[in-house]
Amino acid sequence: MSATQEPVKSGAAGAAVFAGSDSRKYNYYDPKGRKATHYEDMTVDVQPDPKRYLLQDWIISFADGTPTYYEGWTQLKSSDWHKFRAVDQEWERTHYQRQSTIVGMLKNVIDNGRRSGAPARFDKAWVKVLQDHVGAYKHAEFGLGTSTMQAQRYGYTQMINNAILTNSSYKLRFAQDLTLYLGEIALDIDGFDLDAGKTHWLEDPIWQGTRKSIETIMGANDYLEQYFATNVIFEPLVGELFRSGFVMQMAAAQNDFISPAVVSAAEGDYERNLANTVELFSMLVQDQQHGEKNRQILVNWAQTHGALALEAAKQLQPIWSQPRVKVAQFADALEQAKNRLRAITAEIGFDARAVIGG
Amino acid sequence: MPDGLTLNKIVAQRGISIGEATRRVADLGWTPSYVQEAMTFPTDYKIKKSPRDPMKQVLRSYFPMQEEKDNRVYGALDAALRGDMFRNVEPRWVEWMKLFLAIIPFPEISAARSMAMVGRLAPGEELRTGFAMQMVDEFRHSTIQMNLKKWYMENYIDPAGFDITEAAFGRCYATTIGRQFAEGFVTGDAITSANVYLTVVAETAFTNTLFVAMPSEAARNGDYALPTVFLSVQSDESRHIGNGHSLLMSLINDPDNHQLLERDLKYAFWQNHAIVDAAVGTIVEYGTTNRDKNKESYAELWHRWIYEDYYRTYMLPLEKYGIKIHHDDVAAAWDRMVKKNYVHLTAQFFSVGWPVNFWRIEAQTERDFEWFEHKYPGWYAEFGDYWKWYAKLSTPGEKAILFNGDVGYVYPHRCWSCMVPCLIREDFVCDEVDGQIYTYCSEICRWTHKTAFAAEYEGRPTPAMGRFSGRREWETCYDGWDVADAIKDLGFVRSDGETLMPQPHLIFDDKKMWKLEHLRGDKLGSPLQNFRKLTPEAREAAVAEYRKGFKINPIN
Ligand SMILES: [Fe+2]
Ligand SMILES: [Fe+2]
Chain Z
1 MSATQEPVKS GAAGAAVFAG SDSRKYNYYD PKGRKATHYE DMTVDVQPDP
51 KRYLLQDWII SFADGTPTYY EGWTQLKSSD WHKFRAVDQE WERTHYQRQS
101 TIVGMLKNVI DNGRRSGAPA RFDKAWVKVL QDHVGAYKHA EFGLGTSTMQ
151 AQRYGYTQMI NNAILTNSSY KLRFAQDLTL YLGEIALDID GFDLDAGKTH
201 WLEDPIWQGT RKSIETIMGA NDYLEQYFAT NVIFEPLVGE LFRSGFVMQM
251 AAAQNDFISP AVVSAAEGDY ERNLANTVEL FSMLVQDQQH GEKNRQILVN
301 WAQTHGALAL EAAKQLQPIW SQPRVKVAQF ADALEQAKNR LRAITAEIGF
351 DARAVIGG
Chain R
1 MPDGLTLNKI VAQRGISIGE ATRRVADLGW TPSYVQEAMT FPTDYKIKKS
51 PRDPMKQVLR SYFPMQEEKD NRVYGALDAA LRGDMFRNVE PRWVEWMKLF
101 LAIIPFPEIS AARSMAMVGR LAPGEELRTG FAMQMVDEFR HSTIQMNLKK
151 WYMENYIDPA GFDITEAAFG RCYATTIGRQ FAEGFVTGDA ITSANVYLTV
201 VAETAFTNTL FVAMPSEAAR NGDYALPTVF LSVQSDESRH IGNGHSLLMS
251 LINDPDNHQL LERDLKYAFW QNHAIVDAAV GTIVEYGTTN RDKNKESYAE
301 LWHRWIYEDY YRTYMLPLEK YGIKIHHDDV AAAWDRMVKK NYVHLTAQFF
351 SVGWPVNFWR IEAQTERDFE WFEHKYPGWY AEFGDYWKWY AKLSTPGEKA
401 ILFNGDVGYV YPHRCWSCMV PCLIREDFVC DEVDGQIYTY CSEICRWTHK
451 TAFAAEYEGR PTPAMGRFSG RREWETCYDG WDVADAIKDL GFVRSDGETL
501 MPQPHLIFDD KKMWKLEHLR GDKLGSPLQN FRKLTPEARE AAVAEYRKGF
551 KINPIN
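As you go down the protein sequences, you meet chains Z and R in turn.
Positions 1 to 358 (this note's numbering) are the ones given, in order, by the first sequence.
Positions 1 to 556 (this note's numbering) are the ones given, in order, by the second sequence.
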């Protein structure tokens, strides 16, 4: 050991001690919990804000003076948009892992099912249901995917926009899952018409309520209205109603064990999207300053989109009587959907009675 | 087993072809009839719906492919730690990553946001599917880069500067140019920003310098983490370039769009050059310790990638559609790179400003001089003395180079368009826009502000075009402040409350590090505010004086 100090040769942590040499955490934001999560480190403050660190303000604007990001892009208000954290804590790695696991699972189920000749054993009437109605429904999922793709441009923080972005990614994947699944079983089933689904989507009276409901969400100008109408209203009243209340319950009795597995992926996706959505809207309803006004806006949105979704759900009723073996009742499924909506809205902090009655 | 029968063939079954799959997926879209789609971000371009070639990829194969790429990246990061990468990494290099990685995640996520804008305008569902994949890619890029930065913070000798990264991004004078870049992707005319500025120019032309030149240099400095991440990022670019080109082709078929396309290609090329070459050029040339004379200089790389690959094989062919390509702009950019010292002047400016940075910049030394002179003949006469001054003034107690009158450096004006200062003095221009005086680094930057970002272009109304806004001259924010107070306000002070985050050297020893007290007493000022106070005659004289440039005083 020598008394004279050697110049530091290593660039590794701990090679020298000096002011700041142990500052090894992102320190510019308050974690939601006791410790910062990896998701928070990857996400918080990447989209800047003049109210936080954006010293020079936004430096480009739209022609009318609207800045690059603008709180006024939704009617809802928050005293601190930055408080929101996605419950699913998604960042790129977890997102690709999860999406990849799902498509791998689906590929196995479909390949093995087809290898064992399962599609040829599907009940005839059920095949027509898959062709016409699952074929139509895939467009609804796609509509929600493109609508959330649009919405992820408008949020005031990185956390909000990324939660909407992953929602979009899940919806678009599922729309494609259904498309490819139908395309594959069509190879094993004589006369399966792959164009029928879109025709039903565009023309069949059974689907027009759903299409109107989706187009209304796509057409909304308020990105949080889109996010709300998607996950709080449409998903429980129509999406889950059809996926769980119909396909997953009916399929097995028609000799079809593949479709429930395919559709179950969307239920898993929705649980995550819903958790994020509830977290965001309950934060806004509980806002000290703006909570009450926000709650009223949510009630208005719920009424508008609720009426459309309820009408859409009712128009789907005839589908329940099309399978040969009837193991589920529309009325039960609808009641369950309404209960689901009641639970979700209660969690957020408003009453669903205005939408679906007591 | 019979000949030719393999397990593969036994279990294989007929699937749908990729062509059929992409066609089916593209058919998911429809034209709404009950309610029209939400307000799109505006554009002055005309877009006709027309089917394009679908990209031969569906999400079912996309996600596993990307997950596999991720696995390789994260595996390599683990391996780098096991191999003790940081023991041998060059701190000169990693310090610049504090700047680079503060900037880049926001442009990346902005690219994701901009997919919303082109998604709604897509001339067909095939392309919308391509944009959706790009959106998820960009989410990947942004968060994988945040992860890399955190990894440096945890493992590199001096984490200060990484620890405040996004706060620094919002406040630093150097990151401003990155914000101009990112906001350019998402604000104003949707096609101008999300198609021409982002994809047709930034991704197609300049990602090579960002994501290929930078990794090569990282590897030469013992950093093999950055190459792993950025080459993985770059592997997504060809898909994005395809998206952009496809949308461009649908626009170019309508002659009515040509005028706007010419405007936007001109603006986007010039501003991408001004921003990317300033930042990446400086990092690659001045952040390295590798002085191998056989490696290509940034200028040589630029010639290969921007001039040969982009200008000659991508831009020029657009002429056959009747688009006027501004050859002179490309030549002017090249001149700035090789004759007018653009990169060297930027490095000089960043180093003059070291007290208000959040990373360390060490002096260039004799070894560096030799390489610069070899690659850029004449460099030594222009910059040799400057860097000797810089080294001499790097000890606390000296008067910081930013305020040191002995050096002869004249603090530059800021360009109102590209946000890089007006460093090539002879090209400095000013002009009046809406009754206010502004300064610019070049004639094209003046044109960009005054002519391109306006309500009308060559007599044609352009209601969708964006505007420059905000406190664009960073120096305005701290006009008249004591520099020590400004540094505190910026948050560029270490955890002891005294020692500066930036240092003009790489000495990791408290006794050699600058503190607030070493700088207190000097004031920052806004060149623009002062310039605006001048009478027209005095201003004209000031412009003439500025264009003459300055000479660094000899040092002995
Ligand atoms: Fe990217
Ligand atoms: Fe400029």
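Please keep in mind that the hints were generated in silico from the structure rather than gathered at the bench.
All C-beta atoms, glycine included, are put in the ideal place defined by N, C-alpha and C.
Check before you lean on any hint, since a few could be wrong.
Only pairs whose alpha carbons sit at most 25 Å apart, straight line, appear in this in silico SDA-like list of lysine to any residue [said to hold, decoys possible]:
(1) Z:Lys9 to R:Lys48
(2) Z:Lys25 to R:Ala79
(3) Z:Lys314 to R:Tyr74
(4) Z:Lys107 to R:Ile16
(5) Z:Lys25 to R:Lys56
(6) Z:Lys314 to Z:Gln303
(7) Z:Lys51 to R:Ser495
(8) Z:Lys35 to R:Asp509
(9) Z:Lys198 to R:Thr31
(10) R:Lys488 to Z:Asp30
(11) R:Lys46 to R:Gln36
(12) R:Lys56 to Z:Asp193
(13) Z:Lys128 to Z:Phe330
(14) Z:Lys198 to R:Asp509
(15) Z:Lys128 to Z:Asp57
(16) R:Lys515 to Z:Asp193
(17) R:Lys450 to Z:Asp57
(18) R:Lys48 to Z:Lys124
(19) Z:Lys198 to Z:Ala63
(20) Z:Lys35 to R:Lys266
(21) R:Lys488 to Z:Phe330
(22) Z:Lys25 to R:Tyr546
(23) R:Lys515 to Z:Ala13
(24) Z:Lys107 to R:Thr31
(25) R:Lys515 to Z:Ser21
(26) Z:Lys124 to Z:Ser21
(27) R:Lys266 to Z:Ala63
(28) R:Lys511 to Z:Ser21
(29) Z:Lys198 to Z:Phe330
Covered by chain Z, according to a simulated footprint, are these stretches of chain R (three or more residues, beta-carbon under 8 Å) [as the list claims (entries may be wrong)]:
(30) 25-35
(31) 179-188
Contradicted hints - numbers only: 1, 3, 5, 8, 14, 15, 16, 18, 19, 20, 21, 22, 24, 26
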